[in-house]
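S.K.: Respectively, the protein sequence lines represent chains Z and W.
For reference, each letter of the first sequence is one residue, going 1 to 152 in the working numbering.
For reference, each letter of the second sequence is one residue, going 1001 to 1085 in the working numbering.
It should be emphasised that the hints constitute simulated quantities derived from the structure, not laboratory data.
Glycine residues also receive a C-beta, built at the ideal position from the N, C-alpha and C atoms.
Keep in mind that the hints are not guaranteed to be accurate.
[What the hints assert, rightly or not] Sample of chain Z residues lacking proximity to chain W, with all beta carbon distances greater than 10 Å (derived): (1) A15; (2) V20; (3) R46; (4) E54; (5) E117.
[Unchecked claim] Just a sample of chain Z residues kept apart from chain W, beta carbon distances all over 10 Å, derived: (6) R14; (7) E43; (8) G56; (9) R70; (10) E105; (11) A122.
[Stated by the list, open to error] Here are a few chain W residues that face chain Z, going by a calculated C-beta distance under 8 Å: (12) A1059; (13) R1062; (14) S1069; (15) A1075; (16) R1080.
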Amino acid sequence: MSDSDRIEKEVVIRAPRSRVWAAIADSKEFGTWFHCRFEGAFEVGRWVRAAITEPGAEWDGVPFVVYVERVEPEHHLSFRWHQHEVDPDGDFADEPTTLVTFDLEDAADGTLLRIAESGFDALPDGRAARERNAGGWEIQAQRISTHVEGEA
Amino acid sequence: MLKRLASEGPLSIQTLTQGSGVTRQAVTKHLDVLAHAGLVNDRRDGRERLFELDAEPLARARHDLDAISAGWDRALERLRRQVEE
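Construct all of the structure, not just a fragment, from the sequences and the given hints.
M.R.: Here is the structure:
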């Protein structure tokens, strides 16, 4: 596995593990910080439909789906999603995905959260797919920075 | 092969075949695949075809991954604020 295949993040959150877990495992709470809206709860072995919530943005309402792989309460949650747009009503089950994992453990002053996203190298035409995704992130970044500066 | 092209610059099929342990045909086929993927470019130098790394797609992939990574950073910061409130 190369460093182009995987993204890893670590953060210590000053809150109990149960609280951090709720913010990740409850799809509604997840949507609040991730800026999306899920149509149902995270259930292992099921696709959950979602849409991006970025009011005013060009990609506001863009649909996507996640496949919940594993849920171990207060320890681990993982799902798969696509790096390119898919039709939520279409046949997307065999389309290539990346895997996103959330791992929680107790830390001295709260909860250590580790996030990893992997599988980028295995995407066919990974470059083009990433460009679409990265384009969205970058525009989003500009929007957030404008928003934050506007408030200041 | 990409490593050699990255470290040694433009190389001919003959040079790439030497010491590679595979046939010239295999090297040529591999180069065609890489060229099709946009990872290498070829140009004529006299009688030889020289292949060189096209750094742009790799650099762009790196850049895209960085952008996705930065997206996670921002999302995590929002998560942290939401939970710590």
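S.K.: Taking 10 Å as the cut and beta carbons as the points, is E105(Z) off the interface with chain W?
M.R.: Fine: 15 Å to the nearest Cβ keeps E105(Z) off the interface.
S.K.: For V20(Z), which was marked as not at the interface, is the minimum beta-carbon distance to chain W over 10 Å?
M.R.: With a cut-off of 10 Å, V20(Z) comes too close to chain W, as the shortest Cβ separation is near 6 Å.
S.K.: In terms of Cβ atoms, is chain W entirely out of 10 Å range of R70(Z)?
M.R.: 19 Å, holds
S.K.: Minimum C-beta separation from G56(Z) to chain W exceeding 10 Å: can you confirm that?
M.R.: 17 Å, holds
S.K.: Less than 8 Å between beta-carbons is the criterion; does A1075(W) satisfy it with respect to chain Z?
M.R.: 6 Å, holds
S.K.: Does E43(Z) sit more than 10 Å from chain W, CB to CB?
M.R.: 21 Å, holds
S.K.: Could you check that no beta carbon of chain W comes within 10 Å of the beta carbon of R14(Z)?
M.R.: Non-interface label on R14(Z) violated, nearest chain W Cβ at 5 Å vs cutoff 10 Å.
S.K.: Find the nearest Cβ of chain W to the Cβ of R46(Z) and say whether that gap is larger than 10 Å.
M.R.: 23 Å, holds
S.K.: Examine each Cβ of chain W, and state whether all of them lie more than 10 Å from the Cβ of E117(Z).
M.R.: 7 Å, violated
S.K.: Mind verifying the non-interface call on A15(Z)? Its CB should be farther than 10 Å from each CB in chain W.
M.R.: 5 Å, violated
S.K.: Just want to verify: E54(Z) was marked as not at the interface with chain W; is every Cβ pair farther apart than 10 Å?
M.R.: Given a closest Cβ separation of 12 Å, the condition holds.
S.K.: Does A122(Z) really sit off the interface, with its C-beta more than 10 Å from all C-beta atoms of chain W?
M.R.: At about 13 Å from chain W, A122(Z) clears the 10 Å cut-off, so the statement holds.
Hints 1, 2, 5, 6 and 12, counting from the list given before, are not met by this structure.
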